[in-house]
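Visitor: Sequences listed follow chains G and Z, in order.
Numbered per the working numbering, the first sequence spans residues 1 to 223.
Numbered per the working numbering, the second sequence spans residues 1 to 245.
Certain hints may be false.
[Claimed, not checked] List of simulated lysine to aspartate or glutamate pairs, EDC-like, C-alpha gap at most 20 Å:
| # | chain 1 | residue 1 | chain 2 | residue 2 |
| --- | --- | --- | --- | --- |
| 1 | G | Lys134 | Z | Glu76 |
| 2 | Z | Lys77 | Z | Glu29 |
| 3 | Z | Lys135 | Z | Glu157 |
| 4 | Z | Lys77 | G | Asp5 |
| 5 | Z | Lys70 | G | Glu125 |
| 6 | Z | Lys77 | Z | Asp55 |
| 7 | Z | Lys70 | Z | Asp57 |
| 8 | Z | Lys159 | Z | Asp134 |
| 9 | G | Lys121 | Z | Glu76 |
| 10 | G | Lys121 | Z | Asp134 |
| 11 | G | Lys134 | Z | Glu54 |
| 12 | Z | Lys77 | G | Glu125 |
| 13 | G | Lys134 | Z | Asp55 |
| 14 | G | Lys121 | Z | Glu61 |
| 15 | Z | Lys135 | G | Asp140 |
| 16 | Z | Lys70 | Z | Glu81 |
[Stated by the list, open to error] Chain Z regions said to be covered by chain G (calculated; three or more residues, Cβ under 8 Å):
| # | segment |
| --- | --- |
| 17 | 80–88 |
| 18 | 102–108 |
| 19 | 152–160 |
Read the hints as simulated data drawn from the structure, not as lab findings.
Keep in mind that this is a model prediction, so the values were computed, not measured.
We treat Cβ as the ideally placed atom computed from N, Cα and C, and that holds for glycine.
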Amino acid sequence: MDIFDTFFNVSVLIRTYPLLLTGLWVTIQIGVVSIAVGLILGLFLALVRLYAPAPAQLLARVYIDVMRSIPLLVLLIIIYYALPFVGLRLSPFVSAVSALSLVSGAYTAEIFRAGIEAIPKGQFEASGALGLSKRHMMVDVILPQAIRIVIPPLTNNCINVMKDTALASVVAMPDLLKQATQAQALAANPSPLIGAAMIYILLLWPLVAMVSRLERRFGKADR
Amino acid sequence: MLPHIRIRNLRKTYGTFTALDGIDLDVAEGEVICVVGPSGSGKSTLIRCINRLEDFDPGSEITVGGTPVKPGRALEKVRAEVGMVFQSFNLFPHMTVLRNVMLAPMRVRGLPVPDAEKRARDLLARVGIGEQADKYPGKLSGGQQQRVAIARALAMEPKAMLFDEPTSALDPEMVGEVLDVMRVLAGSGVTMIVVTHEMGFARQVADRVIFMDGGRIVETGTPTQIFDAAREARTRNFLGAVLNH
Numbered sequence: 001m002d003i004f005d006t007f008f009n010v011s012v013l014i015r016t017y018p019l020l021l022t023g024l025w026v027t028i029q030i031g032v033v034s035i036a037v038g039l040i041l042g043l044f045l046a047l048v049r050l051y052a053p054a055p056a057q058l059l060a061r062v063y064i065d066v067m068r069s070i071p072l073l074v075l076l077i078i079i080y081y082a083l084p085f086v087g088l089r090l091s092p093f094v095s096a097v098s099a100l101s102l103v104s105g106a107y108t109a110e111i112f113r114a115g116i117e118a119i120p121k122g123q124f125e126a127s128g129a130l131g132l133s134k135r136h137m138m139v140d141v142i143l144p145q146a147i148r149i150v151i152p153p154l155t156n157n158c159i160n161v162m163k164d165t166a167l168a169s170v171v172a173m174p175d176l177l178k179q180a181t182q183a184q185a186l187a188a189n190p191s192p193l194i195g196a197a198m199i200y201i202l203l204l205w206p207l208v209a210m211v212s213r214l215e216r217r218f219g220k221a222d223r
Numbered sequence: 001m002l003p004h005i006r007i008r009n010l011r012k013t014y015g016t017f018t019a020l021d022g023i024d025l026d027v028a029e030g031e032v033i034c035v036v037g038p039s040g041s042g043k044s045t046l047i048r049c050i051n052r053l054e055d056f057d058p059g060s061e062i063t064v065g066g067t068p069v070k071p072g073r074a075l076e077k078v079r080a081e082v083g084m085v086f087q088s089f090n091l092f093p094h095m096t097v098l099r100n101v102m103l104a105p106m107r108v109r110g111l112p113v114p115d116a117e118k119r120a121r122d123l124l125a126r127v128g129i130g131e132q133a134d135k136y137p138g139k140l141s142g143g144q145q146q147r148v149a150i151a152r153a154l155a156m157e158p159k160a161m162l163f164d165e166p167t168s169a170l171d172p173e174m175v176g177e178v179l180d181v182m183r184v185l186a187g188s189g190v191t192m193i194v195v196t197h198e199m200g201f202a203r204q205v206a207d208r209v210i211f212m213d214g215g216r217i218v219e220t221g222t223p224t225q226i227f228d229a230a231r232e233a234r235t236r237n238f239l240g241a242v243l244n245h
């Protein structure tokens, strides 16, 4: 068997690609839901950390630091294998989405916080001096500017979440990686793994390229 | 008649540094006051306390139109009645000039879009930049941006206007256009407090000039009293230095 038969076996790939595609669909579902939940959670945490009363700020800070310190795989295993002992039995999908969004929310919070803190003080003062409420100040003046700043790092975070969806395979989630390993076992050939790798790359390369482009563009606008 | 803005024993300290050292000031409705003095004398801090962009020490008292200026809901009300123009313009860069002017009347006063737009266009025409309404602030010159900032503050129909060195960040050739707008405004009955280094403007437009140094009001009087016959040596020294350079 040469290297092509082992790793790039076309007939194996053709046989297994429907399986890979169902896995891809699951991966996309986990990724998109986790990213969405993570964004909402992150914005909420950032606002709490910046503007809530001191005890709530501290709580948000502890949460963010803990979630950034814990390995995602450990968190996922705790959610899926440990929580049932206290009666909380979550499906593989919910477990994966929970772990991913809890962690993504922490990173997103730090990104939003940095974005908000990058807005010049004069913007807060001008909107305050006009009599705008805190809410309108945020919604109309601060966040629209902050979001522009944080689009590149947020996209980066989305890429990380999409990649981390592969960890869901350890809780029996039939995602792209899980399907690929299964196909590999069935076909007794690792080509499906290579196929999965290609699919991950095809899925994420455009996002990676977009981040570089955005960073270049925003970098120019600053000068 | 009650003063429009009433300040009693206003103190502000940062650690051991005293920025404002017991200011008392009454400003009548429609009065135009220019505050002059060396940098670090506390003049910007003084007007930033009036709408509480700057916190001040307990025991100090400021009322605007009878309402005490203290944190909470009432503060938003006071701020809605007191316009402010900053040295660095602080326009909202992500909105067109028109939206900059429309925002607060819509959000704070609940003005419907057509009314807010009409008011904004009228004001922009009044400050001489009607044709720039749909541009973004970044495309405008400093003088134009500052005139937008004045229109934005006026859109709230404030009873008082605070100007914090409105021409200090401008290229010299643009100072005149901003002062012209302020001159017209001064004749319109709005209470104005202007922190400025433009002595010509102060002499011509102010009802009263205040000279500050070291966080205190050293001397206050009509422009003629201050510029031609200052009682205090400190005032004469400062004016001598700025007028004869």
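Visitor: Next pair to validate is lysine 70 (chain Z) with aspartate 57 (chain Z); report whether the Cα-Cα distance is within 20 Å.
Guide: 11 Å, holds
Visitor: Check whether three or more residues of the segment 80–88 of chain Z sit with their beta carbon closer than 8 Å to a beta carbon of chain G.
Guide: This one holds; 7 residues, not fewer than the three required, reach chain G with a Cβ under 8 Å.
Visitor: Check the hint pairing lysine 134 (chain G) with aspartate 55 (chain Z) against an upper bound of 20 Å on the C-alpha distance.
Guide: 17 Å, holds
Visitor: Taken at face value, is the distance from the CA of aspartate 134 (chain Z) to the CA of lysine 159 (chain Z) at most 20 Å?
Guide: 28 Å, violated
Visitor: Taking 20 Å as the top limit, are the C-alpha atoms of lysine 77 (chain Z) and aspartate 55 (chain Z) close enough?
Guide: This hinted pair holds, its Cα atoms lying about 17 Å apart.
Visitor: Would you mind confirming whether the straight-line C-alpha gap from lysine 77 (chain Z) to aspartate 5 (chain G) stays at or under 20 Å?
Guide: 76 Å, violated
Visitor: Holds or violated: lysine 70 (chain Z) with glutamate 125 (chain G), Cα cutoff 20 Å?
Guide: Cα-Cα ~16 Å, so holds.
Visitor: Do the alpha carbons of lysine 70 (chain Z) and glutamate 81 (chain Z) lie within 20 Å of each other, as the hint requires?
Guide: 14 Å, holds
Visitor: Go check the segment 102–108 of chain Z versus chain G for me, would you? Three or more residues, Cβ under 8 Å, otherwise it fails.
Guide: holds (count 4)
Visitor: Need the status of pair lysine 134 (chain G), glutamate 54 (chain Z): alpha-carbon distance at most 20 Å?
Guide: Measuring from Cα to Cα gives roughly 16 Å; hence the hint holds.
Visitor: Do the alpha carbons of lysine 135 (chain Z) and glutamate 157 (chain Z) lie within 20 Å of each other, as the hint requires?
Guide: Distance ~23 Å between lysine 135 (chain Z) and glutamate 157 (chain Z) Cα, so the pair is violated.
Visitor: Can the restraint linking lysine 77 (chain Z) and glutamate 125 (chain G) be considered satisfied, given a maximum Cα separation of 20 Å?
Guide: 15 Å, holds
Hint check: violations occur at hints 3, 4, 8, 10 and 14; the rest are consistent with the structure.
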